[in-house]
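Chains as they are written, first to last, in our numbering: chain A, 1 to 348; chain B, 349 to 851.
Everything labelled a hint here was simulated from the structure, so no lab data went into it. Since the structure is predicted, the reported quantities are computational estimates derived from the model, not experimental observations. Backbone N, C-alpha and C fix where the C-beta goes; we use that ideal spot for every residue, glycine too. It cannot be assumed that every hint is accurate.
As the list claims (entries may be wrong) - Straight-line C-alpha distance at most 30 Å; calculated BS3-like pairs for lysine-lysine:
| hint | chain 1 | residue 1 | chain 2 | residue 2 |
| --- | --- | --- | --- | --- |
| 1 | A | LYS100 | A | LYS254 |
| 2 | B | LYS693 | B | LYS799 |
| 3 | B | LYS746 | B | LYS723 |
| 4 | A | LYS318 | A | LYS254 |
| 5 | B | LYS368 | B | LYS693 |
| 6 | B | LYS828 | B | LYS679 |
| 7 | B | LYS693 | B | LYS735 |
| 8 | A | LYS202 | B | LYS679 |
| 9 | B | LYS770 | B | LYS828 |
| 10 | B | LYS428 | A | LYS339 |
| 11 | B | LYS428 | B | LYS473 |
| 12 | A | LYS339 | B | LYS799 |
| 13 | B | LYS537 | B | LYS414 |
| 14 | B | LYS794 | B | LYS679 |
| 15 | B | LYS735 | A | LYS202 |
| 16 | B | LYS746 | B | LYS835 |
| 17 | A | LYS202 | B | LYS746 |
| 18 | B | LYS723 | A | LYS202 |
| 19 | A | LYS339 | B | LYS368 |
| 20 | A | LYS202 | B | LYS368 |
Stated by the list, open to error - The following residues of chain B were derived to be distant from chain A, with all beta-carbon distances above 12 Å:
| hint | residue |
| --- | --- |
| 21 | THR352 |
| 22 | GLY430 |
| 23 | ASN439 |
| 24 | GLY459 |
| 25 | PHE530 |
| 26 | ALA574 |
| 27 | GLU581 |
| 28 | THR585 |
| 29 | PRO611 |
| 30 | PRO626 |
| 31 | PHE655 |
| 32 | ARG779 |
| 33 | GLN796 |
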Amino acid sequence: MKNTLSQLTRSHLFWPCVTLVLLCLANVYFNPGFFDIEVKDGHLYGSVIDILNRAAPLMLIAMGMTLVIATRGIDISVGATVAIAGAVVAALIGGSLVIKDGVQTYVSNVPMPLAIVAALAVALLCGLWNGLLVAGAGMQPIVATLILMVAGRGVAQLITEGQIVTVYYEPFFFIGNGFIFGIPVSLYIVAVVLAVLLLLTKRTALGLFIESVGINPVASRFSGISARALVFWVYAFCAVTAGIAALIITSNVKSADANNAGLLLELDAILAVALGGTSLAGGRFYLIGTLIGALIIQTLTYAIYSLGVPPEINMVVKAIVVFGVCLIQSPALRDLLMKHAFRTGGTA
Amino acid sequence: MKPTPVLVMQDICKSFPGVKALTDARLRLFPGEVHALMGQNGAGKSTLIKVLTGVESPDSGQILLKDQPIRPESVDDAQKLGISTVFQEVNLCPNLSVAENIFIGRFPMRGLAIDWKAIERDARKALLALNIDIDVTRTLSEFPVAIQQMVAIARALSTEAQVLILDEPTSSLDEDEVERLFDALRELKRKGIAILFVTHFLDQTYAISDRITVLRNGEFIGEYPAAELGRLELINTMVGRDIDEAGQAAKSASSADRPTDRPFISVQGLGAAGRMHPIDLDIYQGQVLGLGGLLGSGRTETARMLFGIDRAESGTIAIDGAPVRLNSPRKAVRQGIAFCPEDRKTEGIVADLSIRENIILALQARRGIFRYLPKRVQTAMADEYIKQLGIRTPDAEKPIGQLSGGNQQKALLARWLATEPKMLILDEPTRGIDIAAKLEIMDLVKTQCRKGLAILFISSEMSEVLRVSDRIAVLRDRQKVGEIDGKAADEQSVFRMIAGAEA
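If we strip away everything but chain A, and leave its shape as in the complex, we get (with noise of 0.2 Å):
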């Protein structure tokens, strides 16, 4: 009994999820419907429903920041890239409702697939741009990738020409507004996405790759792994992903704003990376646990509103929460805790 429970609170997944239940349990105390799932339309409704949903852009961001910081690196330019990718997609398909012969059809700019096409494409572009730097000049992620984030909105601007640009092409919003079987459609590309990076990390040898070089890239090198393409590639994967995430939050918004769009989204998705138990230092890594980190944020988030906690502090609020999460996850106060502990009961 004692060991499957030291077992249990050993295995990494055990402190995120302890933290993710914690919160929930907040939110039911405040919200008893909190867990109500109700079918409306042939869609499921609910508050979990909803922070699934939400979390869904975050949550594959973080799966991209999981492999980037496993090789020791960072990537604080997925916001920007968001920007740009949801600028691209939204300004080559606008759209427009027009009636031809009484019969209505929306018709966008450029046909819908290549304009997704081409926004994963010009995130791509990005990352392979932060791959160039850090692993072909050499250069340290964090500084790299700075060089992005803080020129990619610039760069979103110039596509949108200023504007925040509205997306009037109906077919669009399915992507972050849709249902399939009664699921949001956003929750499917998660899970899209975790299950062909699972098959990759586990079925392959990639993992494997990317943690052996995240601990020792030189005696990585020296094994005969080319460190430096796979880092390069990893840093375009974690910009795909922001790219894929900017196609839903400009669907679920109906329109691109590049000052707005993934605004430190970064920062969430480093959060959710470190709340799921990966090292910032690199190396070992868990995907699963970056989707729980993820979740944590998103329930915390949603807990934040409904309490109605005034905007201009939810970030306080936010931040005390993580403080305090973060104190829960940290091996060594853990140890004291226990140690305290012991010895009170010790001496009772």
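Based on these hints, arrange chain B on the given structure of chain A.
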């Protein structure tokens, strides 16, 4: 009158999950003596020192410093009590000046400002006491490792230590530097400081030690006056079984010479400005080519060029007669070359990965990302090598960083043997590991050589080079000065060649 010990450790026990590291270990240190702590890898030397310096706390037992029980909680704590340590890996700050390194954390103040003049003056004095005369305002990384080691010792001594612990201080020093270190130690002895000296070098143990404590499997085996314990006896006590002394088996174990007609790899005029003068080498399959030479003579530089780590600026390399360009480790691996680097920790092992993952890493790298070895095959392979090379571990899933140095080295050998290489470059494969493991590694080298591998063997210990090599290329000042038959050579002939008296 019998002098009283300054430090006594009694019945120290320490367990780690799954391992009993120390069982009733004991140690006595007298003022003004050099005391050698000997034992194989995994015998508990490091753990005992960690307990003494507060890095680990013992499960039971006590430590007495001048008859007062102490329980250091950290290295800092131990230092305040008068127990200073120089650890195996120099842990100084390479980008600070020498003087700053010596006084870091306890800068003398003058009012609110740091008294830089005093720091420089005292740092110079501390180093002069060790016969080192250098500019203490220069950055530490500008100096060779040997000097850095001396700086670490000066730092340890500048805290009014009563007990000085040196954990393998000589593994990166050449002979002159060792002698300088020993002079410094003798000086400290005169001052009444008790010195605990951990080393794997027998010569050095006898050159400097007054008494020897031997540990085996975490247990105290005995404490002996150095003068009364013969070398063979010492090794037997450490290993717990009878083995010939290192040198004796040397020549008999030498492999049959059957050089193939054509060398596996033929190097002509390989060099790079500032690193290595052009060098010619032929390495045959089924033969061990030893690189003889002192520290800094260009042995590692040669190895790194052959493995494609550092690019050669001139010269050609031919493998099986066909010219090749080796400009990355990956290319070298594809050509069947394997390389165990000198610095096992930073260039060899991937510490947090399991032994299994470390063993299959190079093979997997060569197979590429998509031809992933099934876990079942990985485990079978790892288990096979653990058995074949005698890697001591409970199972293959343990992180390799938790193994002792010798076992890490064996796992690295396994990593390369799994790729079925044609040539193996071993740069200091026996550094920092105990004598039994050294012998095992050298036997493994011979076995692999007999199986047809071409081997380039580098070691600072000439006796090892002589023991395993069929031929020895002698290097001096980054250039090759000659080549001799391994069987005909002895230390004298190699040293004469290094000294430049070929005639």
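Provide an ascending list of the numbers of those earlier hints which the structure does not satisfy. 12, 16, 20, 31
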